[in-house]
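**Student:** Residue numbers (this note's numbering), protein chains in the order written: chain A, 1 to 113; chain B, 1001 to 1162.
No lab work stands behind these hints: they were computed from the structure. Where hints are given, some of them may not hold.
Stated by the list, open to error - Using 30 Å as the maximum straight-line C-alpha spacing, the simulated BS3-like pairs for lysine-lysine come out as follows: (1) A/Lys76 to A/Lys44; (2) B/Lys1135 to A/Lys91; (3) B/Lys1026 to B/Lys1135; (4) B/Lys1141 to A/Lys91; (5) B/Lys1026 to B/Lys1149; (6) B/Lys1026 to B/Lys1141; (7) A/Lys51 to B/Lys1135; (8) A/Lys91 to A/Lys34; (9) A/Lys76 to A/Lys91; (10) B/Lys1026 to A/Lys34; (11) B/Lys1135 to B/Lys1018; (12) B/Lys1018 to B/Lys1149.
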Amino acid sequence: MEMELSTHEMDGGITRVELDGRMDIGGAAAVDMKMNLIAGSAKKLLIDLQKVTFLGSMGLRSIVIPARAVVSRGGKVVLYAPTEMVESVLKASNIDTLLPVHHDLAAAVAALQ
Amino acid sequence: MSSISCPVAAMPAEDTAKHVSRLTLKSQLDDMALLWPWAEALIAQFNIPSDTAFAIHLCLEEAISNVIRHGYIGQQDQLLTVNCALPEAHLIEFTIEDQAPFFDPLEPDHIEELVEPSPEDFLRPGGRGILLMRKFASTIKYERIEAGKGGGNRLTIGFALP
Chain A
1 MEMELSTHEM DGGITRVELD GRMDIGGAAA VDMKMNLIAG SAKKLLIDLQ KVTFLGSMGL
61 RSIVIPARAV VSRGGKVVLY APTEMVESVL KASNIDTLLP VHHDLAAAVA ALQ
Chain B
1001 MSSISCPVAA MPAEDTAKHV SRLTLKSQLD DMALLWPWAE ALIAQFNIPS DTAFAIHLCL
1061 EEAISNVIRH GYIGQQDQLL TVNCALPEAH LIEFTIEDQA PFFDPLEPDH IEELVEPSPE
1121 DFLRPGGRGI LLMRKFASTI KYERIEAGKG GGNRLTIGFA LP
């Protein structure tokens, strides 16, 4: 399945990015440019991983590099609702120590305030 | 793109107990699109649980992309093969063979630097795919293919089955 990305603005100036599909090499390439464009303007970024069914190291880079760009400008980023296996990749790579992971939407939003 | 799949019946007699299927890829990242349907068919054939299937996808993607990006380094006309085998009742193995320069991802220097990886390690070009492989695979074995036998690398990654 082709990787899909959609965004919408939430209250409080939060940009929610919903990723849908496999974040493998092909999926990462499909969303790289859009993710970097979003990171160029977003100040509070909620990356919704609910529908991400696979995450490899290239997919990790496609999430973390834009996220760091937001953080480096004083913004905030949270990862929301990864599946168990996707979260295991986040933990194995220690990315969860860099970007907080939340499974409760209210908590994710609160972390961005 | 090129792909060769060898069902059990097509394999030499002495190999039928082990080998299940073989995939041949060109040394191009685009060719990795062939990997997913091939692996999915095996996962369905052997009724592999979803968490193990995830681990198989992860390790194959990391191992093969490393060969293409860092072994062959821009040479797009080289080949690599992936063999699937069932060496014992509760283990499925994937063996990746290439003719790239020797590189043992399991050698002590590489392992030592991965004991406590930082998130930064994963952001470098090339990433730390080997660490993910080591965390998600049940077994990993590296063998050098000597020049007399074609030269190259053989990486065997195993996954425990219920």
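**Student:** Next step is simple, just say for each hint if it's right about the structure.
**Tutor:** Comparing the hints with the structure gives:
Restraint check for A/Lys76 and A/Lys44: the C-alpha separation of about 5 Å stays at or below 30 Å, so the hint holds. Proximity of B/Lys1135 to A/Lys91 is assessed by CA-CA distance (about 11 Å); at most 30 Å being required, the pair is judged to hold. At most 30 Å may separate the alpha-carbon atoms for a hinted pair to count; B/Lys1026 and B/Lys1135 meet this at roughly 27 Å. Taking the CA atoms of B/Lys1141 and A/Lys91, the gap is near 24 Å; set against the 30 Å cutoff, the hint holds.
Our distance criterion of 30 Å between C-alpha atoms is met by B/Lys1026 and B/Lys1149, whose separation comes to about 20 Å. Restraint check for B/Lys1026 and B/Lys1141: satisfied, since their Cα atoms lie roughly 23 Å apart, inside the 30 Å limit. Between A/Lys51 and B/Lys1135 the CA atoms are separated by roughly 23 Å; this keeps the pair inside 30 Å, and the hint holds. The suggested pairing of A/Lys91 with A/Lys34 holds, with an alpha-carbon distance near 25 Å, which does not exceed 30 Å.
In summary, the hint linking A/Lys76 to A/Lys91 is supported, as the alpha carbons are separated by about 19 Å, within the 30 Å threshold. Restraint check for B/Lys1026 and A/Lys34: the C-alpha separation of about 29 Å stays at or below 30 Å, so the hint holds. Of the pairs offered as hints, the one joining B/Lys1135 and B/Lys1018 holds, with about 25 Å between alpha carbons and a cut-off of 30 Å not exceeded. Among the hinted pairs, B/Lys1018 with B/Lys1149 is consistent with the structure: their alpha-carbon atoms are about 21 Å apart, no more than 30 Å.
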